[in-house]
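First to last, the protein sequences are chains A and B. For the record, in the first sequence the residue sitting at position 178 is 169 according to this note's numbering, with numbers rising by one throughout. So the mapping is simple: this note's numbering equals the position in the second sequence, first residue as 1, plus 436.
Some hints here could point you the wrong way.
As the list claims (entries may be wrong) - Covered, in the sense of this in silico footprint (three residues per stretch, anywhere, with C-beta under 8 Å from a C-beta of chain B), are these stretches of chain A: (1) 128 to 141; (2) 149 to 155; (3) 187 to 195; (4) 204 to 217; (5) 231 to 237; (6) 340 to 346; (7) 415 to 427.
Source of the hints: derived by calculation from the structure; they are not laboratory data. In this text the structure is predicted, and so the values were computed from the model without any measurement. From the three backbone atoms N, C-alpha and C, an ideal C-beta is built for every residue, glycine too.
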Amino acid sequence: MAATAAPVPSGEGHRPNIPSALVRFPAVGSYEQVDAEIAGTLGPSLGWFGALGVAILCMLIGALTWTYQIHEGLGAAGYQPPVMWGVYIVTFVFWVGIGHAGTLISAILYLFRAGFRTSIYRVSEAMTVFAVMTAGLFPILHLGRPWKFFYLIPYPHWRLIWPNPKSPLVWDVFAILTYLTISATFFYVGLIPDFAILRDREKNPIRKALYAQLALGWRNSDKEWRHFTRAYLFLAALATPLVLSVHSVVSFDFAMALAPGWHATIFPPYFVAGAIFSGIGMVLTIVIPLRKFFHLEHYITLNDIDAAAKLCLFTSMVVGLAYLTEFQVAWMSGNGFEQDYFWNRVFGQWAWAAWIMLICNCVIPLSLFSQKLRRNLKWLFFLSLTTNLGMWFERFVIVEPSLSHEFEPWQWGGYHPTWVDYAILLGSFGWFFMWFLLFIKQMPVMAMSEIKETLIPRMKHPHVTESQVLDQHGMGGALMNDPPLTGGAA
Amino acid sequence: MQGVLGAFHEIDSAVEAVEEIKQSRLGEVTVFTPTPRHEFEEAIGHGPSRVRLFTLVFGLMGVSFGYWIPVWISDYWPIVVGGKAIATWVPFTIPGFELMVLIGGLATVFAMFALSHIPRVVPTIGYDPRFSSGHFGVWVAAPPERLDEVAAVLAKHGAEEVRRER
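With these hints in hand, go ahead and build the complete structure from the sequences.
Here it is in structure tokens:
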């Protein structure tokens, strides 16, 4: 379960750099406080209904546009030779990438015992599940006859479309479906003890019955916890290489092709780093307003946000290195097609998109070297939006320049997304946020049982104080207002 | 089985009660705790969870199945691609790996459910809603003649409430 470590203060001002494993919740004093404050976020509010209405409206715009596209054909979406992969594949890869941060934060940071994971992992896992659900729509949206979607599933059948298991499109089906299933399972398993808490607190009989079903009769017994903690650890251990594999497999969709700019061995690590970067960007986009509107500043502390921002900076630099490596490989390859392609990407036809990508993904994140900016929420929120924008354009820059500038001049062309592309892109955001907004009012946005694990439980004969724990970790008793260990809530 | 339930607000009191009951062999102890605590694991002294066996066995079955599917498909209807052999293990490692994770992961969860006896539809004795919030519960299943002794131990260690259930 949660990584337990020494508490540190989470003041709003400038603080010494804090190892992320030491992040804790100094303003949370008792188990009852955790239950009351986090379960208290569940009641619907007017603002929530408004946001949900906007999300549903965006989704409906996308759905209506899709019916128009089915009637008119895929030409309505701006496809024209030689570019027959457009905004839909770009947005598919974008949402799969967003879906990466959830399992990264949940599984990898769990194995590494990174303390800042505890407060943001539930939101990230939910984001993963909904992002992969959104990504899964795009292969179907990309079909002229979407009711034939089951042709996509690679199994031997009588239709004489025999699957080729050496094709990356078949690997994609295995990878994405496994990722969706394991992420959703990991998400649900982590929720079971929290559903039990909600079941025991709930007064409304209908909601109580619903939570009781979802909690599966969980009783918090020592036997249940023993098996739960083991199962959670093994799921994390299985999910960690899965995170790395899924976006590697998505990258093979491109790298296995011979088009200039795509056929590169750097694609798997490049895609994985980019996916983590975009996922952390979306986590910040979601967590910063959530923290404010739910008054959870003492759970999602500035230390947590600071740690997430460092991860954002690190992955941004990995992505920047991958961009430079691509250019270097093209330059040193002596391959005229590759060199021409990269020149066209950065200084030619697609320069506008490439420079949006480079500025958003490589230049703006460098500001995170400043701790002051890492702790400035307005700046971080702006940066998270530019990260999302930059990573969408990264996928655009990968897909369109290659397809529009292949080996021979007769293969050269352009691509202009139409209003149909933009409306369906908007619809995908509406679909994602609709699910997310429904989630935050039906399920706890933080793992209550894990947060409790980081607290020192009430004791009759306390043999250690918070200050002693701080001293032990070299924090010099910096915690203000130690909560009374025998008295409960601070 | 009859038993006695003690509700504690302090963890050290509950741990001391469990230790004394185990030492005196008064009955079978189940602890309810809002969050996993190593103190109880040590006091109760259970061995390692058997979930790991299911993860290993089903993970191995998954990887075998994941390699077998593409080998069978390729052998049944050969599609020669890029001069590669009909059954090539390198590209088939991807379905092999993915099915290892899928089947191993799902088996882990089902093993956790089976070993913990959940889903549980019938309410069980010895549970109190306080145990998911801030209290620690110690349920001792014991023969009728020892129930008074168990209740006395729980009360001695500071249980807020001691009650008999059956």
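Status of each hint after checking the structure:
Note: the region 128 to 141 of chain A has 0 residues with beta-carbon separation from chain B under 8 Å; the three-residue rule is not met and the coverage is violated. Counting residues of the region 149 to 155 of chain A whose beta carbon lies closer than 8 Å to any beta carbon of chain B gives 3, which reaches the threshold of three, so the coverage claim holds. Under the rule that three or more residues need a Cβ within less than 8 Å of chain B, the assignment of the region 187 to 195 of chain A holds, with 5 such residues. Under the rule that three or more residues need a Cβ within less than 8 Å of chain B, the assignment of the region 204 to 217 of chain A holds, with 11 such residues.
Coverage of the region 231 to 237 of chain A by chain B holds in this model, with 3 residues showing a Cβ closer than 8 Å to a Cβ of that chain against a need of three. Under the rule that three or more residues need a Cβ within less than 8 Å of chain B, the assignment of the region 340 to 346 of chain A is violated, with 0 such residues. Counting residues of the region 415 to 427 of chain A whose C-beta sits closer than 8 Å to any C-beta of chain B gives 0, which falls short of three, so the coverage hint is violated.
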